[in-house]
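Trainee: Following the hints, complete the assembly by docking chain A onto the known chain C.
Residues per chain, in single letters:
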Amino acid sequence: MNQRITIPIGPQHPSLKEPGCFTITLEGEKVVSAVVGVGYNHRGLEKACEARTYIQDMYLIERVCGICSHTHSTAFCQAVEALAGVEISRRAAYIRVIMAELERLHSHLLWLGVAGHEIGFDTLLMYSWRDREKVLDALALLGGNRVNYGINTIGGVRRDISPSECEQLRSMLDFIEEEDKYFIDLALHESTLAARLGGIGRLSYEDALRLGAVGPVARASGVPTDIRVIEKYAAYDEFPMEVITDEHSDVFGRAVVRVKEIMESIKLIRFALDNLPDGELKVNVPRRIPEGEVLSRTEAPRGEDIHYVRSNGTDKPDRVRVRAASEANWHSVAHMLEGDYLADVPIIIAAIDPCYSCTDRAIVLDHRDTGCQQVLDWEALRRYSVDFYRERGFDAKSIKIPERKIIR
Amino acid sequence: MTKTFMERAVDWGRRKSPWIIHFNAGACNGCDIEVVDALTPRFDLERLGMLQQGTPRHADVLVCTGAVTLQTRDRLKQIYNQMPEPKFVIAVGSCACSGGIFDGCYCINGGVDSVVPVDAYLPGCAARPEAIIDVVNKLLKKWEEKQKEE
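Protein sequences appear in the order of chains C and A.
By the count of the working numbering, the first sequence reaches residue 408 at its end, each step adding exactly one.
By the count of the working numbering, the second sequence reaches residue 150 at its end, each step adding exactly one.
It should be emphasised that the hints constitute simulated quantities derived from the structure, not laboratory data.
Mixed in with the good hints, there may be bad ones.
For lysine-lysine, the following DSBU-like pairs were computed, each having C-alpha atoms within a straight-line distance of at most 35 Å [what the hints assert, rightly or not]:
id : chain 1 : residue 1 : chain 2 : residue 2
1  : C       : K134      : A       : K16
2  : C       : K267      : C       : K232
3  : C       : K316      : C       : K47
4  : C       : K30       : A       : K77
Since this is a predicted model, take the numbers as computed values, not measurements.
Looking at chain C on its own, in the form it has when it is part of the complex (with noise of 0.2 Å):
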């Protein structure tokens, strides 16, 4: 079996509800090689944010992506906060905490779902999107929008907690802690799990190390990396942390992690509810923001979110960089892949849980030697069907169809 087949799967396919492209080269059932295509949500985002001011710019950068929002603005708000020389409140600070730890919850609910349709396993994904609404009720209840919550503004948040609003969210905790729970118990002992994802897509740790990965998928690989824990950013330098890392270093690991990282979220959201400090919701902050360039990092749900501003003096920023956690686990992902079964594939590139609207902020194109001995292209494809059939004495001809619109 020495025939090698190149097959590209994507931009639209049916694993994940992005358009990315895998050019993935098979030996047998084997991945040989894949190279990892994306850019299709490259939206032009950075250069649009020069031409806005900052306060408008927190609207765009909110919609980088729609699951990890918060973290994007978050550390944009920070970014500008340092450049203005201004600190937050207290109470701003940790309405921050929450609403990013809840975030964290939603997140890794719908990921797990998203895991569990991957392996055929679509009653997991039904259980953690049902508990996954209760999440986002409460986002909806603390920031008014279910998926983009606006609640950053420069100096602060634009909304408060009321004492009525703790008490609907503990009681949306302890929902969620009884079901997370159980899925904990299902990652742990659910033999037909460990036995799906054990030993596919494995990092060990040296790799890990060396192709930069970050969040949960260099924490299931023994290395415990936590913007959280390192830069303390928000109110975090008061909160008791725990970094969750496993052993594992493969799919079943990255799935530990995050089942046990929900728990931690809990823990910390009901610290922050505690110890809500009293305090202003928001500082003022000038419009021209002093010349300068500043660096700020924030962990989402996916890992190490990077935020890069410059400042000219004027009321919009000269230069706005953003480096989300997806980017740097890409890299990985070609990784991972080489040597795991065809059919592994699609677990494989979503145990990263690849954002790709966060992604393209740039165009990365990975050249390598592929290989390659067969490239069909969509015509060849097609004539090829064409043959087949007529081979075996059925004429594609026949057939009525009604006349399709074809867009030029």
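Mentor: For chain A alone, kept in the frame of chain C given last:
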């Protein structure tokens, strides 16, 4: 021309099981998770006979999210052309309707209707699952009326 019994049965079948394909043409993911949300237990769009399909060849309704980027433009055309007749397009979210917040960016072609004809527009950032159910319901009613006229 009146329809035969078989033709009416096919019409009914199509109306009661509109299979959808979801394509992200450059969205921020917000509308996409809401579309998937609409298919999960709390909202359960499958009650209306909707089923998400992996390939455009099996689908009747193209649910398109996001402003169309230059990279996905040709893919969107390709997907639309692969769908069998009759086909419908729903533009979900403000970006899909008009380009939204990204309108005017150098890599944006415009709303979905700048590339393929759109049957239903659903504004909102992000469009809520309730709204998605509503737009699907309206689309099906419109379809039914059209079928009666024929």
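Trainee: Hints numbered earlier in the text: which of these fail when held up against the supplied structure?
Mentor: When the structure is compared with the hints, none of them turns out to be violated.
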